[in-house]
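Asks: Chain by chain, the residues:
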Amino acid sequence: MALKPEQITRLAILELNALALTRVLPASLEKAKIADAGTPVYDPNGTLLFHRVPIMRGRVSIGYADISAQEALGEPLLAVSTGQAWNEKAIVREATTAARRIQRALVFDDIRFVAYSFPKIAVQFLNRGEEVLLLEWRTWAVVPPAVRSERNPLEPGHFERWSLLDEMPAADKRRKTTEFKKRLEVWASPVLEAITTDLITEATFKLPGVLLPLVETREVRYSARTADHAPCYELRGQQTGVWCVAASTEMLLNFYRYHYDQPRLAQELGLGTCDHPNGLPYSQVNKVVTVIEKLSSNTLDATLIANPGWTTFRDEIRANRPLISFIPGHSRTVAGYTSHRLALPGELPFKGLLVYDPWPPTDCEHPEDGGVITRWENFATQTYQYAYSAVLKHV
Amino acid sequence: MPVSSNDSRAVGRRARALLAGGDCASPLVRAAGQVGEAVPVLHPDGGLHSWFVPITVDGRIVGFFQLLPDHTLLRYSTFQRHEDTLDGCPPAASWLDREAILSRLHEKKRPDETVGPLFLSYDRTPERLAWAAVLTTARGATRTLYVSGRAVWEATDRTDDSFGGPGH
Numbered sequence: 001m002a003l004k005p006e007q008i009t010r011l012a013i014l015e016l017n018a019l020a021l022t023r024v025l026p027a028s029l030e031k032a033k034i035a036d037a038g039t040p041v042y043d044p045n046g047t048l049l050f051h052r053v054p055i056m057r058g059r060v061s062i063g064y065a066d067i068s069a070q071e072a073l074g075e076p077l078l079a080v081s082t083g084q085a086w087n088e089k090a091i092v093r094e095a096t097t098a099a100r101r102i103q104r105a106l107v108f109d110d111i112r113f114v115a116y117s118f119p120k121i122a123v124q125f126l127n128r129g130e131e132v133l134l135l136e137w138r139t140w141a142v143v144p145p146a147v148r149s150e151r152n153p154l155e156p157g158h159f160e161r162w163s164l165l166d167e168m169p170a171a172d173k174r175r176k177t178t179e180f181k182k183r184l185e186v187w188a189s190p191v192l193e194a195i196t197t198d199l200i201t202e203a204t205f206k207l208p209g210v211l212l213p214l215v216e217t218r219e220v221r222y223s224a225r226t227a228d229h230a231p232c233y234e235l236r237g238q239q240t241g242v243w244c245v246a247a248s249t250e251m252l253l254n255f256y257r258y259h260y261d262q263p264r265l266a267q268e269l270g271l272g273t274c275d276h277p278n279g280l281p282y283s284q285v286n287k288v289v290t291v292i293e294k295l296s297s298n299t300l301d302a303t304l305i306a307n308p309g310w311t312t313f314r315d316e317i318r319a320n321r322p323l324i325s326f327i328p329g330h331s332r333t334v335a336g337y338t339s340h341r342l343a344l345p346g347e348l349p350f351k352g353l354l355v356y357d358p359w360p361p362t363d364c365e366h367p368e369d370g371g372v373i374t375r376w377e378n379f380a381t382q383t384y385q386y387a388y389s390a391v392l393k394h395v
Numbered sequence: 001m002p003v004s005s006n007d008s009r010a011v012g013r014r015a016r017a018l019l020a021g022g023d024c025a026s027p028l029v030r031a032a033g034q035v036g037e038a039v040p041v042l043h044p045d046g047g048l049h050s051w052f053v054p055i056t057v058d059g060r061i062v063g064f065f066q067l068l069p070d071h072t073l074l075r076y077s078t079f080q081r082h083e084d085t086l087d088g089c090p091p092a093a094s095w096l097d098r099e100a101i102l103s104r105l106h107e108k109k110r111p112d113e114t115v116g117p118l119f120l121s122y123d124r125t126p127e128r129l130a131w132a133a134v135l136t137t138a139r140g141a142t143r144t145l146y147v148s149g150r151a152v153w154e155a156t157d158r159t160d161d162s163f164g165g166p167g168h
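In order, the protein sequences belong to chains H and C.
Quick note: the first sequence, position 267, residue 267 per my numbering, numbers continuous.
Quick note: the second sequence, position 162, residue 162 per my numbering, numbers continuous.
Misleading hints may appear alongside valid ones.
As the list claims (entries may be wrong) - Sample of chain C residues with no beta-carbon within 10 Å of chain H, all distances over it, derived:
| no. | residue |
| --- | --- |
| 1 | 12 |
| 2 | 44 |
| 3 | 57 |
| 4 | 99 |
| 5 | 100 |
| 6 | 117 |
| 7 | 118 |
| 8 | 135 |
| 9 | 139 |
| 10 | 142 |
Claimed, not checked - Now the stretches of chain C that chain H is said to cover, found in silico as 3 or more residues with beta-carbon under 8 Å:
| no. | stretch |
| --- | --- |
| 11 | 4-10 |
| 12 | 76-86 |
| 13 | 119-132 |
Since the hints were derived computationally from the structure, they do not count as laboratory data.
Just so it is clear, CB atoms sit at the ideal spot from N, CA and C, and this is done for glycine as well.
Let's have the full structure, built from the sequences with the hints guiding it.
Replies: Okay, structure coming up:
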């Protein structure tokens, strides 16, 4: 079901202001305006696909946003472009001039915009509802008619007319429609009715009582009942330059109230003494599992996970369990995560881990010092080699 | 990769925006934190890896941003144990005063060694930030010393296969 122009305008305002709030949007768009729903753009099969909404400063277009009119596209905001004006009237004038050059006697009674090869746009000339010419925007090359081919869906040729909606697999359409509806539910929240601005500004969502679920953040706590207790995790600095594994194991065991000092843990892990310490050889990574289980009298069931992904960390934290995280050459623990739900189109939303890092080191005389709490470690920039989970066994 | 004062200023601007953004630092640090001069973090072989931007409050270093050369956020890390106090935050000089850091490094200098320029680097992996200097003997033999937190140590074989590094 296609959205109406007034819905498009409101979606553009809400989506762009949400990006402004999370500082994802370029600062050049601060206090720019959305004046109207802009230009409808159609799929080659004739369905309204999205609106290209001009972003205005005064009377000048300084960019545009593509706002989906179709639930099957998954997200209301398809693209944001800055430094590139969108002036529909000027484009139509230019396209008409180009069309007259190609066909001097061209007869048409309507013009509309078509995403002939999404997201590439063309200007379509129609007469009595039938296409008489289709010119690619800017190059003004004639777009050839669609051809039947044996190619796979969504793998079009270089300059081919094809329908995004017709070629999108049905399962994708269903999934994206669900996602789109969820997003619309967020924007339909009653507290957002107070937002009536046409401005794009960081301040729009800073209203009393407005708390947007744009970010999902979670930290380990005393129990899974988050309303009852504050975050509950403590940092331990590594007491020698090579005892990151001992410090990480100490942090994890401390969470479950097993208090062993770091020299003792180092001894169990085979990491030497305060005066003659050594690191944990790569070949002995399983030792961490053995030590956690031994020192918890097998109350904790530890597991080594190779190449952990985002969901490994997220799911363990949701279950209120911290993890030990090995990256090449170093070890830390993870006690929380944050996950942004918004990003510029084409970019991944920010995902970060709350890392209790035993580096920088302290010494055995000052066990209370050392370490940093990293809030947040950019998940996209790190290599996660191993993780250790520890699950409390129940009777 | 050569770095310029323009690079440093641009990184500082990005760090100030991130600090004001409110997603990383505690309310105390957002309100009172001073964004210090961005310091290049060099690979042990001298190339630019990232930027370290310290945040200080009342003469203590409370945290830092680490950003890639293209300003991608690697992390914000804090020394604060609790959001509302500075307990646990070391004196800013221990991370930012080059003379103070050099004097600590001199504790492990041998009599026949000269100390090269101090630079911010890392031991084994960029999460293990440390100040470094190359020491050279009269015969031309070199070794690298690191300073971080309470520790001063000599660089070891970077190809060793352990988490944390070999013994030292």
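Asks: Decide, hint by hint, whether the structure agrees.
Replies: Hint check results:
1. 12: Holds, because the least Cβ-Cβ distance between residue 12 of chain C and chain H comes to about 16 Å, which exceeds 10 Å.
2. 44: holds (12 Å)
3. 57: holds (15 Å)
4. 99: holds (19 Å)
5. 100: holds (15 Å)
6. 117: holds (21 Å)
7. 118: Consistent with the label, residue 118 of chain C stays out of reach of chain H, its closest Cβ about 16 Å off (over 10 Å).
8. 135: holds (17 Å)
9. 139: holds (27 Å)
10. 142: holds (20 Å)
11. 4-10: violated (count 0)
12. 76-86: Coverage by chain H holds for the stretch 76-86 of chain C (6 residues, Cβ < 8 Å).
13. 119-132: holds (count 7)
Violated hint for the displayed structure: number 11, the only one.
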